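Enquirer: As a plain string of letters, each chain reads:
2 protein chains.
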Amino acid sequence: MVITRATEYAIRAVLHMAMQPPGVTVLKKDICREQEVTPAFLTKILQPLIKAGIVGSQRGVRGGFYLSRSADTITLLDVIRAEEGPLHLNLCLLKDGNCTRENYCPVQRVWQNAREQLTATLNGYTFAQLSEMARQNQPLPPP
Amino acid sequence: MVITRATEYAIRAVLHMAMQPPGVTVLKKDICREQEVTPAFLTKILQPLIKAGIVGSQRGVRGGFYLSRSADTITLLDVIRAEEGPLHLNLCLLKDGNCTRENYCPVQRVWQNAREQLTATLNGYTFAQLSEMARQNQPLPPP
Numbered sequence: 000m001v002i003t004r005a006t007e008y009a010i011r012a013v014l015h016m017a018m019q020p021p022g023v024t025v026l027k028k029d030i031c032r033e034q035e036v037t038p039a040f041l042t043k044i045l046q047p048l049i050k051a052g053i054v055g056s057q058r059g060v061r062g063g064f065y066l067s068r069s070a071d072t073i074t075l076l077d078v079i080r081a082e083e084g085p086l087h088l089n090l091c092l093l094k095d096g097n098c099t100r101e102n103y104c105p106v107q108r109v110w111q112n113a114r115e116q117l118t119a120t121l122n123g124y125t126f127a128q129l130s131e132m133a134r135q136n137q138p139l140p141p142p
Numbered sequence: 000m001v002i003t004r005a006t007e008y009a010i011r012a013v014l015h016m017a018m019q020p021p022g023v024t025v026l027k028k029d030i031c032r033e034q035e036v037t038p039a040f041l042t043k044i045l046q047p048l049i050k051a052g053i054v055g056s057q058r059g060v061r062g063g064f065y066l067s068r069s070a071d072t073i074t075l076l077d078v079i080r081a082e083e084g085p086l087h088l089n090l091c092l093l094k095d096g097n098c099t100r101e102n103y104c105p106v107q108r109v110w111q112n113a114r115e116q117l118t119a120t121l122n123g124y125t126f127a128q129l130s131e132m133a134r135q136n137q138p139l140p141p142p
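If you read the sequences in order, they're chains D and H.
Take the first sequence: its position 15, counting from 1, is numbered 14 in numbering that gives the first Met the number 0, and each next residue is one higher.
Take the second sequence: its position 23, counting from 1, is numbered 22 in numbering that gives the first Met the number 0, and each next residue is one higher.
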């Protein structure tokens, strides 16, 4: 599994915001109801996105969340990276290098190829595209 | 992460077998030494491969493991599937369906595309190719 449940909910929450007219703050309780999450969990999963400059937060009774930048500049990969750091498909490509093998390992190259492909795919979809597709209820174009 | 540490070791063990001349049994202790795993762990991670007809087991003092079929018919995906079942990158595509959303969800389509790409990549490399590359210490050709 590449992403966690928390990231999956974060993606849905960002999509929810992306489907609003630009500049509109979505009430926290509306996201919670729609995404079936508690307010505490929502705040927790949105923190990394606020820190990354993807989501903004408004306090108060009518408090909620909004996209800090245009939905056509936010890709799926941006949200996943903000939540989880760089993608990894297996252990040998982890930053600190679990692999201590001295011999040439061809499998590492395969994982590297696969990771690059996946990264490109997830970077190829913006939330503007995703919200348009959701609105039109249409299949996605190829990446 | 798509695969576990156990699967990563299983892949290495199969590559080790694939690098032998056809029909040669690799001594259990040789795989253990080379892959830095205990005999109990090796037996455990190879069980699903034996069940899947990928690896054969020979008992006795000179006991060990060998490939049950030609290395050019065994892909990386075969080994991963035998160890872990079908690949999943996130929750919404799991077999039993964690997703109960009634509305059309464009993100599911993206994951589906990404999973199909990854599956094709991992299915595109046989252990015959990988062992040849390891032998020649050469970069892999594109999938």
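Hints should not be assumed to be uniformly reliable.
Because identical chains share one entry, a pair is satisfied inside a single copy or across any pair of copies.
What the hints assert, rightly or not - The calculated SDA-like cross-link candidates involving lysine to any residue, where the alpha carbons are at most 25 Å apart (straight line), are:
(1) Lys28 - Asn122
(2) Lys43 - Cys104
(3) Lys28 - Lys50
(4) Lys27 - Gln107
(5) Lys43 - Thr3
(6) Lys28 - Gly84
(7) Lys28 - Arg108
(8) Lys43 - Asp77
Honestly, the hints are just simulated from the structure, not real lab data.
All figures in this text were calculated on a predicted structure; none of them were measured in a lab.
Enquirer: Taking the earlier hints as the rules, which of them does this structure contradict?
Expert: 1, 6 and 7
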